[in-house]
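Colleague: Protein chains in written order, with the working numbering: chain A, 1 to 284; chain B, 1 to 308.
If you are wondering where the hints come from, they were derived from the structure by calculation, not from laboratory data. A few of these clues could be false.
[Stated by the list, open to error] One-sided and incomplete, this derived list gives chain A residues near chain B with beta-carbon spacing under 8 angstroms:
(1) VAL24
(2) MET36
(3) SER38
(4) ALA100
(5) ALA102
(6) VAL141
(7) THR143
(8) HIS144
(9) LEU171
(10) GLU174
(11) ALA178
(12) ASP258
(13) LEU260
For glycine and all other residues, C-beta sits at the position ideal for the given N, C-alpha and C.
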Amino acid sequence: VSAWLTRRRTRILYRACWTVALAVVAVPFIFPFLWMVSSGFKNSAEIFGAPSLVPREWQWWNFVEVFNYQPFARQYFNSLYIALTVTALTLLFSSLAGYALARMRFAGAALIGLFLISAMMVPEEVTIIPNFFLIRWAGLVDTHWPLILLPVFGPQGIMATFLMRQYFLVLPKELEEAGKMDGLSRLGLWWRIALPMSRPALAAVAIITFLNSWNLFLEPLIFVSSLDKFTLPLALSNFTDPYGAPLWHLQLAATSLDVLPVLIVYVIAQRHIIESFALSGVKG
Amino acid sequence: VAGRAEKPNTARGDDAPWLTLIMREAMEAWLFMSPTLAGFLIFFVGPLVAVIWYSLTEWNLLSQQSVFVGLDNYHDALFRNPDFWFVVRNSVIFAIGLVPLNMALALSLALALSGRFPGVVIFRTIFFAPVVTSAVAWAIVWKFLLQGEAGFVNQMLALIGIAGPNWLREPDWAMAAVIVTRVIKMVGLNMILYIAALQAIPADYGAAARLEGASGWQIFRLVVWPLLGPTTLVIMVITTIGSFKVFDHIYQMTGGGPENGTLVLAFYIYQQGFQFFDVGYASALAMIMFVIVMLLTIIQLTLRRRDT
């Protein structure tokens, strides 16, 4: 019995050491978030004082000042409505195209699949210069159109199409046959049978698309110049003094407002969100 | 037999509706794909053709006219402009620093977190959290942490008697800082891919090896590591391509500096195209990037096909 006890004890000890080691590795992953929020509550003097995780003087005013310094509420709303629009359009177009590629027979399907898959890996930087001239020609510079159109039809949208296609490929044929018997049109088969059975894939596309749009930086940087048309990633580093030096207490308060809602949703739905990324990472 | 012989004749009447059914399905398929395909042509294929054309021209900003100059822009990049090779060097250093560090850390974390024990979900959640965070936000916070003397990292180092460098103001340290913070941001993604691959390995493989008297290290080296091969390959290519695309992170943390020490290819394209308006040269750079990424993708696709 004592041998069993020592073995049990060493196992617990082993487990404990392991957990401590992991906790140490976790510090650079979680500490930046804590420090960000904490510094967002500090005044501009304390922010450079002796480090303390709990602000000595809680400067709630920072979170009001953030909205006075620039049209931050408007910028927040821009990010939100653009991300929602991009997500909705991506879901619609990628599920339609993915359905055709997976469930319908037509000449050239393989070729189109090959074209799309090779486009998926091409960075936006490659096509951004002609796209800029295209958008300028269409008179859409300094509007939100490029921030919606380019992600929906760019590599992101194509990746979503592939994710949907992979999911549609393995749906059982029988249900579709039954649907055809019931006289459903092609659109009806897509809407009433394929889509309801593909909720995990739709959720994955929605989560990844929303986050990508929420965090999009290159396109806003290039296309948007008016303050009230900024999205959050542009606005965050825009809290500066007249000489261009960052006003850290405001930048970090604003950054907290950008990051925290995402993190809260992430912690609540972490299993689904992580699975979504795993699904898209092992894409065909 | 007689019936079969007759069939070609009688089937004639059925032929037409059968054909139209196929044609109808094809037409519907094209309709379903039309938004995606139209967007693909307008925002990808067209621009890709255009960027090839632009790369062969020289733009005059004053007259807003372009002149065909052949391969001059490529010649400029490859042979005349020393900046180009400096930027390529930076991109390669960035990739060589980032990819092995990212993969080693991802695999270690996955091995530690693929099992079930109390707290495993909390750890996975923590290690993955930076992935969902915006690169801009992540870079802003780290820029704040890595400031010269007043920065948190250096204040902590001072406590144990180390005078930390001014991380983002010295080219080599800036490059190291950008690599490490990028790894922390993205490693969670590769970690979950590895965890998925590890969990797909049947448990009795390890058990059988243990019965044969294999040690933990031997099980990893002889059983687990070979089985992870395809995943490792995919992760390696995706991470390498990703490292060539990095823009927002570097733009926010160092702005490509100091002394262009973190000026990588994606940033250089942006700088030449949108800050210096050298459209022809920037387009040639974009084509070079396109070729690099395509080569990496082709390597991945061929290797993966050989595996499966």
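Colleague: Taking the hints in turn, state whether each one holds.
Modeller: Against the structure, the hints come out as follows:
1. VAL24: With Cβ-Cβ at 12 angstroms, over 8 angstroms, it is violated.
2. MET36: Holds, about 5 angstroms.
3. SER38: With Cβ-Cβ at 10 angstroms, over 8 angstroms, it is violated.
4. ALA100: Hint holds; ALA100 of chain A Cβ to chain B Cβ min 4 angstroms, cut 8 angstroms.
5. ALA102: violated, 10 angstroms
6. VAL141: violated, 12 angstroms
7. THR143: violated, 16 angstroms
8. HIS144: Violated. Min distance 16 angstroms.
9. LEU171: Interface hint status for LEU171 of chain A: violated (16 angstroms vs cutoff 8 angstroms).
10. GLU174: Hint violated; GLU174 of chain A Cβ to chain B Cβ min 19 angstroms, cut 8 angstroms.
11. ALA178: violated, 18 angstroms
12. ASP258: holds, 5 angstroms
13. LEU260: For LEU260 of chain A, the interface hint is violated, since the closest Cβ of chain B sits about 10 angstroms away, which is over 8 angstroms.
Violated hints, in rising order: 1, 3, 5, 6, 7, 8, 9, 10, 11 and 13; the structure is consistent with all others.
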